[in-house]
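Colleague: Chain by chain, the residues run as shown.
Protein chains: 2
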Amino acid sequence: MRAFRLTVVIAMLVAQPVFAQRGAPAPRSPEILPDGRVTFRIAAPNATDVRLTGEFLKAPETLHKDAKGVWSATVGPVSPEIYFYQFAVDGVAMARTKLDVSGPSPRFYDVRPVAHGAVEQRWYDSKTIQGVRRAFVYTPPNYARSSERYPVLYLFHGAGGDESGWSENGRANVILDNLIADGKLKPLVVVMPYGYAYPPTSPLADGPDAMKRQRDGFSRDLIDDLIPFVQANYRVHADREHRAIAGLSLGGGQALGIGLSHTDVFSRVAGFSAALGAVTSPQAGGLDFKSLIADSKKMNDRLKLLWVGCGTEDTLFNSNKEFAQLLESSGIKHTFRVSDGAHTWQVWRRYLNEVAPLLFQ
Amino acid sequence: MRAFRLTVVIAMLVAQPVFAQRGAPAPRSPEILPDGRVTFRIAAPNATDVRLTGEFLKAPETLHKDAKGVWSATVGPVSPEIYFYQFAVDGVAMARTKLDVSGPSPRFYDVRPVAHGAVEQRWYDSKTIQGVRRAFVYTPPNYARSSERYPVLYLFHGAGGDESGWSENGRANVILDNLIADGKLKPLVVVMPYGYAYPPTSPLADGPDAMKRQRDGFSRDLIDDLIPFVQANYRVHADREHRAIAGLSLGGGQALGIGLSHTDVFSRVAGFSAALGAVTSPQAGGLDFKSLIADSKKMNDRLKLLWVGCGTEDTLFNSNKEFAQLLESSGIKHTFRVSDGAHTWQVWRRYLNEVAPLLFQ
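Line by line, the protein sequences are chains A and B.
All the letters of the first sequence, read from the start, carry residue numbers 934 to 1294 under my numbering.
All the letters of the second sequence, read from the start, carry residue numbers 934 to 1294 under my numbering.
Hints may be right or wrong, so weigh each one.
Claimed, not checked - Each pair of labels, with its calculated beta carbon distance range: (1) A:P1133 <-> B:S1135: 36 to 46 Å; (2) A:S1263 <-> B:R1168: 48 to 58 Å; (3) A:P1290 <-> B:L1291: 41 to 51 Å; (4) B:S1263 <-> A:S1135: 52 to 62 Å.
What the hints contain is simulated information worked out from the structure, not anything from laboratory work.
The C-beta atom is built at its ideal place from N, Cα and C for all residues, glycine as well.
Take these sequences, add in the hints, and give me the full structure.
Modeller: Structure (structure tokens):
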């Protein structure tokens, strides 16, 4: 890790005093050991308590201080995956940080030497929101050289996230590139919008009607502004047969809520660890799924895929299970996928890898 | 800020226990007051010392604790700008965070309702690096609908950054969209690569030759791999007359070093707060600018623009001034732009806004 120190030296050379490191260089952390265990370290000579939480831990780990004031703990072995972890120094949570433990062979979300699609950041004018909004758009390999039209998936992030989440944390483009290269997926376009009609700093995100305004605003922005923008700017099929909607967590609730309310617009609907409460709560306008799906014949005729997945360690598991039971008792064809895992990107990456090939067969 | 708390509540609903907040919600921070001052707060009941550093402060500010364990300080007034700031809790630095103080009218890097270009993430195979690398590519408004060819700017980030820096922190695409909309800039394509041949975790980033290997690897990847990829995948002019190179800090050193070494490839060269040491040091192969520019007639014939800018509060100011003096004493036509400011994105956004229209007139 002399290399890292070298980079730090370069960074220090060009950093302003206000951000310059003082004293000793940061200790090496995380250090992945040959046996798969991982050592975490943080310099905090004046702290009295340092803990580590992480998606690879069942409970917070207490770190121990050495004579130089560096706290450390060794955990694991940790399986090959990308995880989030976080130190708490005297009870103050530090930034969530990624730990990437690579394995002996490429994972399904590792960049491989195959043909690559592109991820575009696009800005569109939204009449609904009365402002400019950003969406990320995945176009498959050779899109620019082709004259083909493609089906489209609208794919939503979770609470606290944004339109960059599915590419930065979900590796959506890498997963899709790999599936296409392996002949498991026909090329498609994926549109990843910003899931809040009004960002937290907006006055419109405040007040008793905020949840309903967010829900209705996002839905109208999607249907009245974003879909027309996509159809005007990308070679996509513009009919419901070629349009899917999916999302994770808050976005899963949005996908199920909007998808089942608009079967004239979408024919494929999927919720990953869906937060149904944010959609069904009275504050959000109290979307009533039961009456929404009452006409089971119409729903079954229109929906080519209805997929609901949740990990058994997820605190939302029971509400997803109840939702699947409602679908079952209402005679709605669907897949309820019960998997390992909690409310994490590990699960959502796997779900995308599993669901994408089912969308447009 | 009830809205923000509401968002936090939604986030908590869907968060796993491992990342759930405990106890009281986070205090409102930063709070921009009507008089332009800003209050920063952080809950740290067990800490004994909390400080704030920020690009709007001349020296670290000490926070004070209230009875509930919330530390706070009010600073400013702070001019409309985007700044980074950072808490240090008992000497441990927290994440660098943005403070965006908007003004009464749109700033040159604010998104306006004009025609928008796109920012694409592209992956290319690099023979030099023997792997897949990512670059960000700005295409101007209406690029997809046009059949025109465009000039290209290769634009580099600084030490510790990556290929997302110029769009995420530099707002390059927004600045260029606004300049184009205002008739101040002819449309161009901007390519923003990853500035390290080998990331810090690579064994090739280690050892005594690391700086030279990084420098040579980046230069070869740019010329042998990235430029051919761009020319094969974008409608750009493929001659030196339509090719510019620029960068900030480490990337400024790279732009000046590569640009002046390859006047057969680039006709426009600019360094923003350039870190010349990383290019000229013996470890980096000791690029000797003096002999590089010895043939002043050739350099002046070939270079249509040579622009060097640095803020007077920047620790790199003197080395940039010496470089400008070397250019002057060698008879090389150039612009040395002395500005206010330190080693910050405030300066680099302004430089891009100023330099982009000069590139291809």
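Colleague: Please go over all the hints and tell whether each is borne out by the structure.
Modeller: Here is what the structure says about each hint:
no. : hint                            : verdict
1   : A:P1133 <-> B:S1135: 36 to 46 Å : holds, 38 Å
2   : A:S1263 <-> B:R1168: 48 to 58 Å : holds, 53 Å
3   : A:P1290 <-> B:L1291: 41 to 51 Å : holds, 50 Å
4   : B:S1263 <-> A:S1135: 52 to 62 Å : holds, 54 Å
Hint violations for this structure: none, all hints satisfied.
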